[in-house]
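What follows is the residue order along each chain.
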Amino acid sequence: MHATSAVGTERVAPKAGQGSVLSVRDLKTSFLTSRGWVEIVNGISFDIDAEETLAVVGESGSGKSVTALSIMRLLDPEMSRVEGSVRLADRELLTLSPAEMRSVRGLQMGMIFQEAMTSLNPLQTVGKQIAEVLTIHDRYSGQAAMKEAERLLDRVRIPAAASRLNDYPHSLSGGMRQRVMIAMALACKPRLLIADEPTTALDVTIQAQILQLIKQLQKEEGMGVLFITHDMGVVAEVADRTVVMLEGRAVESDTTEAIFERARNGYTRALIAAVPKLGQGSENGPQHFPTLDRKTGIVAAARERPDTVRREGEPVLSVRNLVKRFDIPGGLFSGPSGRVHAVEKVSFDLRGGETLALVGESGCGKSTTGRAIMRLIEPQSGEISIEGTDIRALDKERMRDMRRHIQMIFQDPYASLNPRISIGDAIAEPFLTHKLGTKAQAREKAMDLLERVGLSADMASRFPSQFSGGQRQRICIARALSLEPKVIVADESVSALDVSIKAQVVNLMMDLQEQFGLSYLFISHDMAVVERISHQVAVMYLGEIVECGPVRAVFGNPQHPYTKRLMAAVPVPDPSRRKQLRPVNNEEVKSPIRPVDYVPPVREYREASPAHIVQVWGDDWKV
Amino acid sequence: MARYLLLRLGDAIPTLFLVLTLVFVAMRILPGDPALAALGDAALPEQLAEFRERMGLNVPLWQQYFNFLGGVLTLDLGRSLLSNTPVLTLIAQNLPYTIELTMAAMLMGIVAGIPLGVVAATNRNKTPDTGVRLFSLIGYAIPDFFLGALLLITFSLNMGWFPINGAGTDFVSRVHHIFLPALTLAFVKAAFLGRLTRTSLLEVLGKDYVRTARAKGAKENRVIYQHGLRNAMLPVSTGLGLSLLSTLSGSVAVELVFNRPGIGRLLIDAIAERDYAVIQGGVLVFAGFVVLINLLMDLVYVVIDPRVRVK
Numbered sequence: 001m002h003a004t005s006a007v008g009t010e011r012v013a014p015k016a017g018q019g020s021v022l023s024v025r026d027l028k029t030s031f032l033t034s035r036g037w038v039e040i041v042n043g044i045s046f047d048i049d050a051e052e053t054l055a056v057v058g059e060s061g062s063g064k065s066v067t068a069l070s071i072m073r074l075l076d077p078e079m080s081r082v083e084g085s086v087r088l089a090d091r092e093l094l095t096l097s098p099a100e101m102r103s104v105r106g107l108q109m110g111m112i113f114q115e116a117m118t119s120l121n122p123l124q125t126v127g128k129q130i131a132e133v134l135t136i137h138d139r140y141s142g143q144a145a146m147k148e149a150e151r152l153l154d155r156v157r158i159p160a161a162a163s164r165l166n167d168y169p170h171s172l173s174g175g176m177r178q179r180v181m182i183a184m185a186l187a188c189k190p191r192l193l194i195a196d197e198p199t200t201a202l203d204v205t206i207q208a209q210i211l212q213l214i215k216q217l218q219k220e221e222g223m224g225v226l227f228i229t230h231d232m233g234v235v236a237e238v239a240d241r242t243v244v245m246l247e248g249r250a251v252e253s254d255t256t257e258a259i260f261e262r263a264r265n266g267y268t269r270a271l272i273a274a275v276p277k278l279g280q281g282s283e284n285g286p287q288h289f290p291t292l293d294r295k296t297g298i299v300a301a302a303r304e305r306p307d308t309v310r311r312e313g314e315p316v317l318s319v320r321n322l323v324k325r326f327d328i329p330g331g332l333f334s335g336p337s338g339r340v341h342a343v344e345k346v347s348f349d350l351r352g353g354e355t356l357a358l359v360g361e362s363g364c365g366k367s368t369t370g371r372a373i374m375r376l377i378e379p380q381s382g383e384i385s386i387e388g389t390d391i392r393a394l395d396k397e398r399m400r401d402m403r404r405h406i407q408m409i410f411q412d413p414y415a416s417l418n419p420r421i422s423i424g425d426a427i428a429e430p431f432l433t434h435k436l437g438t439k440a441q442a443r444e445k446a447m448d449l450l451e452r453v454g455l456s457a458d459m460a461s462r463f464p465s466q467f468s469g470g471q472r473q474r475i476c477i478a479r480a481l482s483l484e485p486k487v488i489v490a491d492e493s494v495s496a497l498d499v500s501i502k503a504q505v506v507n508l509m510m511d512l513q514e515q516f517g518l519s520y521l522f523i524s525h526d527m528a529v530v531e532r533i534s535h536q537v538a539v540m541y542l543g544e545i546v547e548c549g550p551v552r553a554v555f556g557n558p559q560h561p562y563t564k565r566l567m568a569a570v571p572v573p574d575p576s577r578r579k580q581l582r583p584v585n586n587e588e589v590k591s592p593i594r595p596v597d598y599v600p601p602v603r604e605y606r607e608a609s610p611a612h613i614v615q616v617w618g619d620d621w622k623v
Numbered sequence: 001m002a003r004y005l006l007l008r009l010g011d012a013i014p015t016l017f018l019v020l021t022l023v024f025v026a027m028r029i030l031p032g033d034p035a036l037a038a039l040g041d042a043a044l045p046e047q048l049a050e051f052r053e054r055m056g057l058n059v060p061l062w063q064q065y066f067n068f069l070g071g072v073l074t075l076d077l078g079r080s081l082l083s084n085t086p087v088l089t090l091i092a093q094n095l096p097y098t099i100e101l102t103m104a105a106m107l108m109g110i111v112a113g114i115p116l117g118v119v120a121a122t123n124r125n126k127t128p129d130t131g132v133r134l135f136s137l138i139g140y141a142i143p144d145f146f147l148g149a150l151l152l153i154t155f156s157l158n159m160g161w162f163p164i165n166g167a168g169t170d171f172v173s174r175v176h177h178i179f180l181p182a183l184t185l186a187f188v189k190a191a192f193l194g195r196l197t198r199t200s201l202l203e204v205l206g207k208d209y210v211r212t213a214r215a216k217g218a219k220e221n222r223v224i225y226q227h228g229l230r231n232a233m234l235p236v237s238t239g240l241g242l243s244l245l246s247t248l249s250g251s252v253a254v255e256l257v258f259n260r261p262g263i264g265r266l267l268i269d270a271i272a273e274r275d276y277a278v279i280q281g282g283v284l285v286f287a288g289f290v291v292l293i294n295l296l297m298d299l300v301y302v303v304i305d306p307r308v309r310v311k
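Respectively, the protein sequence lines represent chains W and Y. As numbered in full-length UniProt numbering, the first sequence has no gaps in its residue numbers, which increase by one up to the final residue, 623. As numbered in full-length UniProt numbering, the second sequence has no gaps in its residue numbers, which increase by one up to the final residue, 311.
Looking at chain Y on its own, in the form it has when it is part of the complex (with noise of 0.2 Å):
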């Protein structure tokens, strides 16, 4: 178990590398000078040396890479080129917001999307199918921008149900923040998980295990639930690893609708001012996700399934 772990671990190594130096050359191959989107049309050359000698701009490209690697695994991040303000202070500030949201969306994506695969593959063919279906097709088509702003139009400016932009400070008024963005991130989770669900139980009621548990004279709620549901949930858990990270990009577009604090809003901003160090600690932070998720997928695997586990 613990060597399974320290594998997968070890496989997650290089993948953060790669990443970290595509980060670095896009960020390079941008057009612009950072110097000036910084300082403005009106700086003079002298302020826009200094200012590219203490951003590290003015050593060598491979030099800047190493700096710029070697910073990461100190966790110095450098500096916003604007505020000055160190990246990861940024991040700090930023990062619970994704969290929330995106642990929100989740949760809301899960509690209405299983139940709806559940429902359509145990009335296969008629209405609750036909029903959950449609809003499948429904969820994947609308993007999340139009539907984060449909219903911000709807329910906070024409009814003012919900605040119209931030994120809130007690618990209470936090809640009342998140609920339409989660919700509009939730629509698009539900529709996914509602049809792998769908999919999957069909597959698993049609197996031999499950023709033993009714020749046992098990109720019909213990040969959806125990028998199918747990097989069932194998290909969805992958499909939730998936999911979370479509979620957390979609933070990104839902951030900037709803006018939320969080990393996707501070990237877009950053990217607006070309300020090279928070875009690159945004991505890092991106990135850092998507190897961490995909860790936690193969975790949970090993969990559910004790055929993975010899291995």
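In isolation and in its complexed conformation, chain W is listed as follows (with noise of 0.2 Å):
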């Protein structure tokens, strides 16, 4: 260490960081920009024990990942700044030179990453890669090394680890390959684990796989964790203490349980309050989110909704046995090698201002549903009826008049948006393809939208690159309004938002409903969102609804044992449940491929309770 900046470090490093694992004092980080520097983080301080986690939880842009980056001295030393103290085990890291800073990482401290997928080099194997960290810190050579990674695939639950070492990233499943990950990160046993959203990019269920994996090995190896997220549930779910970050500063530090029971900071009080949690539905149905001021934290109890939904008369959209299989191209000569079953046999009904809910993980169907009720993609067969009329009966100009009624939302607000177009364009042109009215009628309409999507109409000159993701995705809505239309299917609308904004959009959406009396087909894998916003809700499984009925009879008293396993997958924001560790199911999530010859068998359905159907399941489902 030079002389100098230990004089320096000592003078910002008090005692309290003694014997910690890692101790962070006033980290500071900034980035060259064509501004000049610009500071990302700015004083953050906080320490780890062994066996301890620390969550540091924020929305995008609160520097959370910039810290954990800063850390491992990852950032690109050309581009950015880092100053402070960074102490691993009583040893200042920010003074270390390159050589000495590359020994400590993957040895003394491990990092695993959000997109396993990409985090992985697609040319190794995943047994060369793990394998790869133990000769670069000269723990194994050769073959022992690979033998250690198969021990190592083995201790991350991973079945038949012989087998898997010779394979590529990307013959494995989302879940599988972020455990290779942390085979990786913890292959030189670290005293250390940085983990920067490792499962925000995965399914619930392997979602709670994957924490408890995280928990059970920090036990095993007595190290401590850093766990970066956005999501309160996560955090209830592993963090012994939580700091809370906002526009790069640390805005609360405590416990994990004094944070989520008395907060003091107005933002954090508003960000638990913006978590949804499963299990407050009410009985009248749908019910906004409590708002809160992001600054003084102070509540805004949400007002009683009235009911939206008309029961009389027929559904406004109604879906009977839609099928939709995607055949997968053998060689030249033969057919078909396989069959994706996306969608098989879905019935629903969707009445007048009522939201339906589809629900489940990746590749269960439901996005392939919403598609193919727009009839974006033509189902095999089914039939799908917009207020009595059979819409794949229409040919393409009758159906481009149908699509009036029916309009979509997507996920991304940022690639639904043309950047070239203002947005007052955007929501005026579905308006003026349909030759709803002139172009000052259009320009109007625009401007009353933004208006009612909680923007103004001054805004409607602007192009979308001005606006934030919240707003974008409010853009979105005012468009898919312009054409008044009875349904809207939105397919993950609010996914990619940050708590508080999706609590926002959700309530907006909510307020549109008894507004316009519209009806929502809301795809989400969001369960405690689906529990805020439907009034029914339909569980999918292997592209078939496994149960459906009223929100509250479905999540109140689940009968599949899917929908069960999918319920007891969703993180809890309530710390005092983080020291059980729940039994967690460690099946993959089942594929819909099938071989061509495939003949679905014919389901049976019950009745649970008054509307609430649960699909009669088979042997398989027996444990």
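Hints are computed from structural coordinates only; laboratory data are not their basis. Virtual Cβ for every residue (Gly too), placed ideally from N, Cα, C. Be aware that a few hints might be false.
To spell it out: a stretch of chain W is covered by chain Y in this simulated footprint if at least three of its residues, at any positions, have a beta carbon under 8 Å from a beta carbon of chain Y; those stretches are [to be verified]:
| no. | stretch |
| --- | --- |
| 1 | 106-116 |
| 2 | 205-215 |
Residues of chain W placed beyond 10 Å of chain Y at every Cβ, according to the derived structure [claimed, not checked]:
| no. | residue |
| --- | --- |
| 3 | Asn42 |
| 4 | Arg81 |
| 5 | Asp90 |
| 6 | Arg155 |
| 7 | Glu220 |
| 8 | Val340 |
| 9 | Glu387 |
| 10 | Asp401 |
| 11 | Asp412 |
| 12 | Arg443 |
| 13 | Ala457 |
| 14 | Ser500 |
| 15 | Arg565 |
Simulated crosslink set (DSSO-like; lysine-lysine; CA at most 30 Å straight-line) [as the list claims (entries may be wrong)]:
| no. | chain 1 | residue 1 | chain 2 | residue 2 |
| --- | --- | --- | --- | --- |
| 16 | Y | Lys126 | W | Lys28 |
| 17 | W | Lys486 | W | Lys396 |
| 18 | W | Lys564 | W | Lys219 |
| 19 | Y | Lys207 | W | Lys28 |
| 20 | Y | Lys207 | W | Lys189 |
| 21 | Y | Lys207 | W | Lys215 |
| 22 | W | Lys128 | Y | Lys219 |
| 23 | W | Lys345 | W | Lys564 |
| 24 | W | Lys147 | W | Lys128 |
| 25 | W | Lys128 | Y | Lys207 |
Make one complex out of these two single chains by using the hints.
Okay, structure coming up:
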């Protein structure tokens, strides 16, 4: 250590950090931008002890990932500047030479990332990639390293580890890949594991598995864990202590219990209040999220919401026995080699002013169902009728007219707005395409809609790049509304948004339902949001609806084993449950790919309670 | 794997057939009479008729076409209208020189180009990078016949370091003879590959798995070569195929400038003399190479990218 910097660090590192695995004091990180140095993290301090988990939680742009990368010193040294003190077991890291720092990375601290797919080298077998850490730090070499890699794969509960060793990352599932990443990070038994949103890209049942695995391994190895996340539910599940970040600053730092029960900071309270929790469904149907002021933390109680469902008359949207299968192409001269049964005999009704949620994990067919209803893809068979008109029988011309009544909002508000068209024009475009009025009327309509979705009319001439993610999603909603549709298919429309923004957009969608009598087909994997917004819910698994009915009935009294598993996997924002190791099913999400000659079995359904329908399951569900 | 190979080969056949047809049509719509060209203005009508009959030029076009296709299938490409040597023999005599030149140029281009790209990428926006980018610009801009002539005048005529023409006999003299022509072709290759490697490596170095490698504590060399360059080679290998093709066509001009034997020269001479059979044969060889190289590139992809293997 250089004498000069030793003096500098002595001053900012109080004795409190002594003995901790990691001790961070007054960490400041700046990036070199076209406007000069911009501070991204300004003065963060925390300690992590052995066997302790510290969560750094914040919304996008809060600087939480940059904090993690600063500690690992993985930021480009030419484009970034890290100041303050980072001590790993009483050794200052920020003053180490690059070579010394390399011997710390991988050996004394390991890191796992959000996207396991892109974080693994696609051209190397997973065995080789794990063995690499061992050889870099001279733990093992050659065959012995491969042998150890196999043992590590086994440790992260990958079945048949020996046979997986020579697999390439692309042939593993998302959960398996993250297990490989964990095996790699923990290969040299580091004192500290940094996990940067490790479960954000995973399905909820797989997330539960990975969180459980990290907890178990932490217990066995006695390491400290720095857990970066945006999800308060995950925080409650894993963290002993929590640092809440906002705009590069730690606004609050305390034990997780204290943060959840008696947060002092307004923003923390707002963040916690915005977390969708299961079991908050009301007797009276969907309810608004309570809204909180970010800065003051003052709660504006949600007002009672009237019942919007029109029960008499025929349903707005009625789907019967919808089937969509995709062939997997075989060779040039042979037929298909397999078939994806994406949607298999799906039926449901959606009434006026009602919200029906389709929930399930990736590959369950919920998005395909939405797209088939829009006829963006042609289903193989089934009936789709909108107010009694069978839309599958319509020709192109009449289908275009019909699309007026059924509009879609997508997941990514960045990708679904053309960056070169002003938002006013974007909102007016469908109105003009369908020749519903003059240009002046279209402009007026666009301005009115902007006001209705909580933006202001004078923003009409701005371009999408000038808006945040939440604002863009509001613009997408306004665009969908310009045709005055009866049904809106919302495909994971709030999934990409930060919690506080998510709550606002969900509230907005409910307000619009009241004003326009809209019906929503709400496609989501987020059970807690679904519970808030929906009247009815249909749980999908491998292309089929396994359970459906009123939200309160299905979530309050789940019948099908899959629904139960899904419910059990949802993180509960209640830190008191953290110490329990919950029984977690280590099964992978099954694939809907079947042999070409597969004939789907005829399903039977029974009624668990009025309108609550459950598929009768077979032996494969018996444990 | 074997099935994949067969499928790719199956794709190549129609391409080859199309090329054959194009060559045949192109030859027939050229103005001028090959018999006149071969025998000269003073030839008697009987001599011309006899020549046409011997060369199969007196039957209807469609029949000429089928004779031509049949000939290709039985590897009988006819005889040169001028020297009466079988075209196959001419090709066999000249092809090794062209292959030799192409291979030497490729080798020089790869050996220079890829390291240049790595140096540029790892020193982004610094002097070495600027140097490599400037070199690439010059390499692209300068035509190979001009560069060839320049090298020939400087190093062979003025300095006398290299022979002026021919291809040499024993190994040492062949290397001596091939150096300047190969360098001429390699110049643009190095420029192209250097730029491609730079872009591709820069992109790969920003990938998550490169960050993972650093998080493992890997040394910078290991990060760049094991994780970076191997992945960056995927697009570069496609570039190599394209570049091999352009070297082949570039060899025509270079063989002419350096007065080397080769398919390119054979073709140019044949075109000047309207020697149909030889032109057809020469173009066929080039077309065959294009198809073969494309096939090879597909196979290389299978070998280096495990993600292609499953399909």
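Hint-by-hint comparison with the structure:
Three residues within the 8 Å Cβ limit are the bar, and the stretch 106-116 of chain W against chain Y gives 6, so the coverage statement holds. A stretch counts as covered by a chain when three or more of its residues have a beta carbon under 8 Å from one of that chain; for the stretch 205-215 of chain W and chain Y the count is 0, and the coverage is violated. Against chain Y, the non-interface label of Asn42(W) holds: every CB pair exceeds 10 Å, the least being about 24 Å. Non-interface call for Arg81(W) relative to chain Y: holds, since the shortest CB-CB distance, roughly 18 Å, exceeds 10 Å.
The Cβ of Asp90(W) lies farther than 10 Å from every Cβ of chain Y, with a closest approach of about 20 Å, so its non-interface assignment holds. Even its closest Cβ contact with chain Y, about 18 Å, leaves Arg155(W) beyond 10 Å, as expected for a residue assigned away from the interface. Every CB of chain Y lies more than 10 Å from the CB of Glu220(W), the least distance being 21 Å, so the non-interface label holds. Every C-beta of chain Y lies more than 10 Å from that of Val340(W), the closest at about 16 Å, which supports listing it as non-interface.
Listed as outside the interface, Glu387(W) is consistent with that label: its C-beta sits roughly 45 Å from the nearest C-beta of chain Y, beyond the 10 Å cut-off. The Cβ of Asp401(W) lies farther than 10 Å from every Cβ of chain Y, with a closest approach of about 41 Å, so its non-interface assignment holds. Every beta carbon of chain Y lies more than 10 Å from that of Asp412(W), the smallest distance being close to 19 Å; the non-interface claim holds. Taking the minimum C-beta to C-beta distance to chain Y, about 42 Å, the non-interface status of Arg443(W) holds against the 10 Å cut.
Consistency note on Ala457(W): stated as away from chain Y, and its beta-carbon is indeed over 10 Å from all of that chain's, at 41 Å minimum. For Ser500(W), the condition that its CB be more than 10 Å from all CB atoms of chain Y holds, with the nearest at approximately 28 Å. Chain Y leaves Arg565(W) outside its interface by the beta-carbon criterion, the shortest separation being 30 Å against a cut-off of 10 Å. Restraint check: the Cα-Cα separation between Lys126(Y) and Lys28(W) comes to about 28 Å, which is no more than 30 Å; the hinted pair holds.
With a C-alpha separation of about 20 Å, the suggested pair Lys486(W) and Lys396(W) falls inside the 30 Å cut-off, and the hint holds. For the proposed pair Lys564(W) and Lys219(W), the alpha carbon gap of about 28 Å is at most 30 Å, so the pair holds. For the given pair, Lys207(Y) sits about 25 Å from Lys28(W) by alpha-carbon distance, which is consistent with the 30 Å threshold. For the proposed pair Lys207(Y) and Lys189(W), the alpha carbon gap of about 26 Å is at most 30 Å, so the pair holds.
With a CA separation close to 29 Å, the supplied pair Lys207(Y) and Lys215(W) stays within the 30 Å bound. About 16 Å separates the Cα atoms of Lys128(W) and Lys219(Y), which keeps this hinted pair within 30 Å; it holds. Using a Cα cut-off of 30 Å, the hinted pair Lys345(W) and Lys564(W) holds, with the two alpha carbons roughly 22 Å apart. Proposed proximity of Lys147(W) and Lys128(W) is supported: the alpha carbons are some 11 Å apart, at most 30 Å.
A hinted pair counts as satisfied when its Cα atoms are at most 30 Å apart, and Lys128(W) with Lys207(Y) qualifies at roughly 19 Å.
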